[in-house]
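Enquirer: Can you build the whole structure from these sequences, using the hints too?
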Amino acid sequence: MLTRLLRTPLAWVVVAVLAAGAAVGLYWFQPWKAVTDTRVSERLSDVAVGTPSVGPAPTGDAVTPAPPAGPTLVSRGEFVTHEHDTSGTARIVRAVDGSHRLELVGLDTSNGPDLRVWLSDQPVRTGRAGWDVFDDGRWVELGRLKGNRGDQAYDIPAGTDLARLTSVSIWCKRFSVSFGAAPLTPTG
1 MLTRLLRTPL
11 AWVVVAVLAA
21 GAAVGLYWFQ
31 PWKAVTDTRV
41 SERLSDVAVG
51 TPSVGPAPTG
61 DAVTPAPPAG
71 PTLVSRGEFV
81 THEHDTSGTA
91 RIVRAVDGSH
101 RLELVGLDTS
111 NGPDLRVWLS
121 DQPVRTGRAG
131 WDVFDDGRWV
141 ELGRLKGNRG
151 DQAYDIPAGT
161 DLARLTSVSI
171 WCKRFSVSFG
181 AAPLTPTG
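If you're matching positions, the sequence shown starts at 1 in the UniProt record's numbering and goes up one per residue.
Source of the hints: derived by calculation from the structure; they are not laboratory data. One thing to keep in mind: the hints can contain errors.
[Claimed, not checked] Once the Cα atoms are required to be at most 20 Å apart in a straight line, the calculated SDA-like pairs of lysine to any residue come out as: (1) Lys173 to Ser99; (2) Lys146 to Ser87; (3) Lys173 to Asp85; (4) Lys173 to Asn111; (5) Lys146 to Glu78; (6) Lys173 to Trp139.
Expert: Structure follows, in C-alpha cells:
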C-alpha cells in the first residue's frame with residue numbers, strides 16, 4: 001500500500017512540502033542553540049573605578065583635570081532577565097584616544113537565533129514589561145552577540161550620542177524580544 005502511495009505525484013508533492021517546511025522551521029528557530037553555548041574570553045580594559053585624578057593648577061586657583069593615563073569608566077549597569085535568564089555587567093569605557101566601547105563582563109544568557117547587542121534610549125524594565133520595548137525608540141546596533149557566555153567588547157561608532165542611549169539589550173532580532181538588558185548609569 002505504501003509503495004503504491006509513493007508512486008503518485010501528489011505524495012511526492014506532500015513529501016517535498018513537508019521537507020521544505022522542516023528546513024525553514026529549523027533555520028528560523030535554530031533549536032540546537034537552546035542546548036549549546038558559545039563562550040568568549042576577550043581582553044577587557046583595565047579601568048580604575050573612582051574619580052579622575054586632578055593635575056596641578058597652571059595659574060592661580062584654577063584646577064584642571066590631568067588627562068587620563070588609561071581607559072576611563074563612563075557608565076555601567078547590571079543585567080536583568082527578560083525572555084531568558086541573563087546576568088553580568090555592561091560598561092562603557094572611553095579609551096585614551098577618545099573612542100568608546102561597550103564591554104560585557106561575565107555575561108551569562110541563553111543562546112538563540114540572530115542575537116544582537118543594542119544600545120537604546122529605552123528604560124530597562126523588569127519582567128514581561130521589558131521584553132519588547134527596545135525597538136520602540138532610538139537604538140544603535142553594535143553587532144551580533146559574539147557569545148552567550150563570558151567577556152566581550154564592542155566598538156561604539158564615533159558620534160554616537162551616549163548621553164541619550166542609556167541602556168544595553170541583548171536583542172533577538174528575529175523575534176523582536178530582549179533576552180536581557182542593563183541600565184547604563186554614569187559613573188562620574
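Enquirer: All the hints need checking, so say for each whether the structure fits it.
Expert: So, going through the hints one by one against the coordinates:
1. Lys173 to Ser99: violated (27 Å)
2. Lys146 to Ser87: holds (16 Å)
3. Lys173 to Asp85: holds (17 Å)
4. Lys173 to Asn111: OK: Lys173 and Asn111 at ~13 Å, within 20 Å.
5. Lys146 to Glu78: holds (19 Å)
6. Lys173 to Trp139: holds (13 Å)
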